[in-house]
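Order-wise, the sequence lines are chains A and B. Take the first sequence: its letter number 65 is residue 65 in UniProt numbering, and every next letter is one higher. Take the second sequence: its letter number 43 is residue 43 in UniProt numbering, and every next letter is one higher.
All copies of an identical chain are treated as equivalent in the list; a pair is satisfied when it fits inside any one copy or across any two copies.
In silico DSS-like pairs for lysine-lysine, Cα to Cα no more than 25 Å straight-line: (1) Lys149 / Lys68; (2) Lys59 / Lys11; (3) Lys59 / Lys203; (4) Lys149 / Lys59; (5) Lys203 / Lys149; (6) Lys203 / Lys11.
To be clear, the hints were calculated from the coordinates, so they are not data collected in a lab.
There are 2 protein chains.
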Amino acid sequence: MANTDDDRRPKYQRIADSLREAIQSGEYGPGDRLPGENDLMAEHGVARMTARQALGVLKDEGVAESRKGAGVFVRDFRPLRRRGIQRLSQEQWGSGRSIWAADIEDRSLVVDQVTVSEEAPLERVKLVLELADEDSVCVRRRRFVLDGKPVLLATSYLPTSVVAGSAITQEDTGPGGTYARLAELGYKPVHFREEIRSRMPSKDEAGQLSISAGTPVILICRTAFADEGRPVEINEMTLDAASYILEYDFDA
Amino acid sequence: MANTDDDRRPKYQRIADSLREAIQSGEYGPGDRLPGENDLMAEHGVARMTARQALGVLKDEGVAESRKGAGVFVRDFRPLRRRGIQRLSQEQWGSGRSIWAADIEDRSLVVDQVTVSEEAPLERVKLVLELADEDSVCVRRRRFVLDGKPVLLATSYLPTSVVAGSAITQEDTGPGGTYARLAELGYKPVHFREEIRSRMPSKDEAGQLSISAGTPVILICRTAFADEGRPVEINEMTLDAASYILEYDFDA
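Chain A extracted, bound-state conformation (with noise of 0.2 Å):
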């Protein structure tokens, strides 16, 4: 931060930022203990008060937890690692799995919400999708779990006329998701575009995915195409930044 915005921070937020940076420098590692209040108060002349609420942050960030009668320690960061594109194989959702599993591995993500529902499109739906003035869409809304934790939130949008009567339009979608369902429509999915952003949350955001202050979230514009370019699903999800690693292999 510019040291002008920074002179204007809280002190808590201060001493937190330090901790922080010695955590990224790896001065502290995963698992070792960092200082504790009374290690605080006496490093930078504060109340207890101000001590506790610099962990706090850190805690609240998920960089740092508590171990009863031990201290606060530095958490290991073990995040989710999606695949983007061997995911979206068709060997993936052509077999009857759904393209979720490979984020997996021996972990459970689970969907805890899912609502759908038939709209009239956003403008920018409405653009990609190359939807007429009266057509409307699909839109699929469901939250993600990692170990009773949020880390997930995807909202696919299908064109009615591509999807309606199919099962894309109930809340199970079937074996293989809504990839194999397209296939058996004539929209088989054979391209995709993936589109990432990172900004700090939404209030709204922040709260449906549990993060607090000092996360940012990862935005994934996902856009399916089925032969001759037509698109058919644009998926927009927001994901906690402190849950995933994408990454993306390819050949040059």
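Assemble the complex: chain A is given as a structure, and chain B must be docked to it using the hints.
Frame of chain A; chain B shown alone:
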């Protein structure tokens, strides 16, 4: 943000948050005028300095900009589009064009800082490049600037045993850059892995990229592999998240 954190945040920060959310939700679009100091003072019951600080946060983040005598306006978000896969195709570097050129379109991304040195490898670099204890690496550190604003820090690590005596050890690597030189040395990159994360910048990164509070960085770690899976380069990149969209296009 969680409410407990939010209540601790200074008033100007909370006003900035609500304006930012109004922008993200589309209530204020690119080029729209934001409420002025007088509007914010009346609406939130705060002093002029607080209103000014709130608008200052959004200007620091690059979300808004002042226009002399006219007020504060929502900035056009005109990020760089970095095409992860096409930009690394051999057509790019095979023909003497720098792989960076693909990012730029009509805008000029320039290197304003470059250092090259021979160093003992960090542990993670040693592991990924499969180096022996006595091996050193060639380290190329560069900063890239767009329209006078630094947007990207890139640090490449290459085995000294591979690149010694070549232009890769010089500041100017010549036409086609590092990858063209690696090909001439018999280590043509044929496969790439890119791993992506996002987090808040360290103080040092924020300084080098002129990032202020509230803007994350995107980290890309790229590994280039020659034939038989031989790793020949690691490139750790740190991007100003407000300046970039990453794009990956691929077939199912």
